[in-house]
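Novice: Residue strings, one per chain:
Number of protein chains: 2
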Amino acid sequence: MTIPVLEPHAGTLHGWFDRDLPPVLTVDPGTTVRFRTLDSGWSAGPHTGGERRRVAEHAPGMGHALTGPIRVRGARPGMVLAVRADDVVPGTWGTTYAGARPTAWNARLGIATAAVHSWEIDVPAGIARNQYGHSVALRPFLGVMGMPPAEPGRHSTVPPRWHGGNLDCRELVAGSTLYLPIPVDGALFSVGDGHAAQGDGEVGGTAIECPMERVDLTLGLLPHVFGDRTLTTPVARTPAGWVTMGLGDDLDEAAADAMDAMLDVLGALHGVGRADALALAGVVADLRITQVANQTFGVHAVLPPGAVR
Amino acid sequence: MTIPVLEPHAGTLHGWFDRDLPPVLTVDPGTTVRFRTLDSGWSAGPHTGGERRRVAEHAPGMGHALTGPIRVRGARPGMVLAVRADDVVPGTWGTTYAGARPTAWNARLGIATAAVHSWEIDVPAGIARNQYGHSVALRPFLGVMGMPPAEPGRHSTVPPRWHGGNLDCRELVAGSTLYLPIPVDGALFSVGDGHAAQGDGEVGGTAIECPMERVDLTLGLLPHVFGDRTLTTPVARTPAGWVTMGLGDDLDEAAADAMDAMLDVLGALHGVGRADALALAGVVADLRITQVANQTFGVHAVLPPGAVR
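Sequence lines, in order, name chains Z and B. Everything in the first sequence is counted per this note's numbering, starting at 17 for the first residue and increasing by one. Everything in the second sequence is counted per this note's numbering, starting at 17 for the first residue and increasing by one.
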C-alpha cells in the first residue's frame, strides 16, 4: 500500500485556517500521510542575510506556511483526532529569528536589536550548526498541527487554540500521539512550522524554523481519550510522558488550564479524585512553559512514564 | 577532621529569617556542615490523621522549621555564597498537604477539600509509598536554603527572595551548587523544608514534606559567578545543567526574570550579546515553573549540559 504524500505547492499551501478551504486529500481513519512542509516563513531557501526570500505562493498577511487540509472520513465535532507522529525528518537548513518583534517580552529582556541565526542541519549527525559555529542537538517536531475554528472565515495561524494549531510544544517529537478535540466536520487537518530544535518557552520568538523533508503522521479518530470524558484541550502521549496543554492570555491562566487537564489524566489513570490528583501532581507532575511567542501563551504539564506506580 | 553537625533543637530551630538571630555555628569558607532538619511543619512524627503533632519548639506564627543560622567568616553583602549539596538523605516518612489553603490557584482548579497523603520513605529502595499504595521515586532536596534580608526584624519564611529562602526548586538535588547573593555580614545561612520528591510547580502547595536525616552542605564564598558581574538572583549548577531563577508576583514576571539571568549565563559561557543569547535560549533553554505555592511565584530556566557546543 502506498502512503499518500502531500507536497507543499500552490494547491496545498495556505497561510490561515479556514473551514471553507477545500480539502486536498480525503483519508479513512488510521491512514498514514507523508508530508513535506516549507519553513514557517515561506522561505525559498536558506537565509543568506538581507531580506528573506519567499516562495511565489506567499502573499502579504499570510501566517505560517501550512500544508493541507486533509479531510478525515467520519470526523465530527466532539470526537478526537489522534495524530501519531511516526517519523519527523527536517530539511538541511533552518533559521532562528530572535527579538525581531516589539513584544512586551522582548522589551522586558532589553532586546534592542534582532538576531538571525542561520543553521545548517546535519540529519545523520543529529546536529544543527549556526554561522557562529555553535552546534545544538536536533529534536525535530511540527510547531503547527491543527484544524480550523468552527466559525467561518480566515483565522490567523499565530495563536494556538483548543483544537490545535501553533502549539509549539517541544515534546511532540516522533513517537508522540497528539489528541485534539475536533471542531469541524471532516477535521480538515493541516500542518507546518517545522522546528529542528526548541526549548521549553520558545523564548526568542522562534525555534530553528526549518522545512521538513518528511513527516509521517497517522490520523486516527476516537470518541474519547479517557473514559467517556469529552476532550476539550490538547493532550498528548509522548516519549516524555503524558502532556496536557493550557492556553491563556498570561502564563498564570495557561498554567491553571494545563494543570486542570492533568488532574483529569491522573484521575483517569489512578482512579483518584481531584484533591488526591493534585497531591500526586505536586509530587510528580512537571509544569513547564510551552511558549511565550504566540500571542496566546502556552504552559504544559508533563507526567513522566511510571511516575506514579 | 570532623564535620560539624547541626541538629534541630531549641538552640538551632527558628521559624523566621532575622539578621539578629545569633549564629549557632561559625565556619570558614570551604567548610562542610552536616544538617539534620525537621519537616517544614515542625512535625513530631509521621502524620497519622487528625491534628498535626508538632515538636515543643513550635509556636504559632512560625513558618518553616529552619536549622541554623551559620555565620561564614568573611562573608559580606555583594559577595556570593556557594552552597554545594554533597549528600541529601531524607528521613523515613513524609506528608503531602494539597488544596489545604484557599488560594486563587486552588479555587481555579476547583479543589474544595484538602487531601493529605502520608508517605513511608524507603531510602535504600529509592521510593516513597503513600497510604493508598501509590509509589513515587525519591528525588530529595532542601526547599529552603537562604539568608535573612538586610532589613532588621522577623521576616516570613514563605516567599522566596533574591538571597534564597523558600526557593523550592526541584533541581537542587545532591551534586548541585546553589549560588546566592549575600545580603548580610556573615551570610547567616539557614536551611530546612526537606522535600523527598517534588514536580516542577509544586502545584499542590506542598511536596513530600519530610525531615532530612542527613544533608551535607559545603559553604563557599566567591566574589562573582560569571566574570566580574555582580550576582543579583539565585543561580545554580545542577545535574540538569545551569539553572537561573526568577521570582515574581505572577508567572510572567518570574519567567522574564529567569530568562534575563539565563541570557547572562549564555553570554558568559559563549561570549555572545543579549540578542544572540536569546536566539540560542529559544532553541536550547527550558523555561519551567518552579512553584506556584509560595505567594511569590518562581520560574526557572535550565540550560542542559552541553546544550550549545
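Rather than coming from a laboratory, the hints here were simulated on the basis of the structure. Backbone N, C-alpha and C fix where the C-beta goes; we use that ideal spot for every residue, glycine too. Don't take each hint at face value.
Stated by the list, open to error - Across the chosen pairs, the derived CB separations fall in these ranges: (1) 67(Z) / 243(B): 55 to 61 angstroms; (2) 69(B) / 119(Z): 37 to 43 angstroms; (3) 287(Z) / 65(B): 17 to 23 angstroms; (4) 69(B) / 322(Z): 52 to 58 angstroms; (5) 238(B) / 149(Z): 44 to 50 angstroms; (6) 37(Z) / 238(B): 57 to 63 angstroms; (7) 141(Z) / 168(B): 56 to 62 angstroms.
Novice: Next step is simple, just say for each hint if it's right about the structure.
Specialist: Hints, one by one, checked against the model:
no., hint, in the structure
1, 67(Z) / 243(B): 55 to 61 angstroms, "37 angstroms, violated"
2, 69(B) / 119(Z): 37 to 43 angstroms, "52 angstroms, violated"
3, 287(Z) / 65(B): 17 to 23 angstroms, "22 angstroms, holds"
4, 69(B) / 322(Z): 52 to 58 angstroms, "34 angstroms, violated"
5, 238(B) / 149(Z): 44 to 50 angstroms, "30 angstroms, violated"
6, 37(Z) / 238(B): 57 to 63 angstroms, "59 angstroms, holds"
7, 141(Z) / 168(B): 56 to 62 angstroms, "59 angstroms, holds"
Hints 1, 2, 4, 5 from the list above are not met by this structure, while the remaining hints are.
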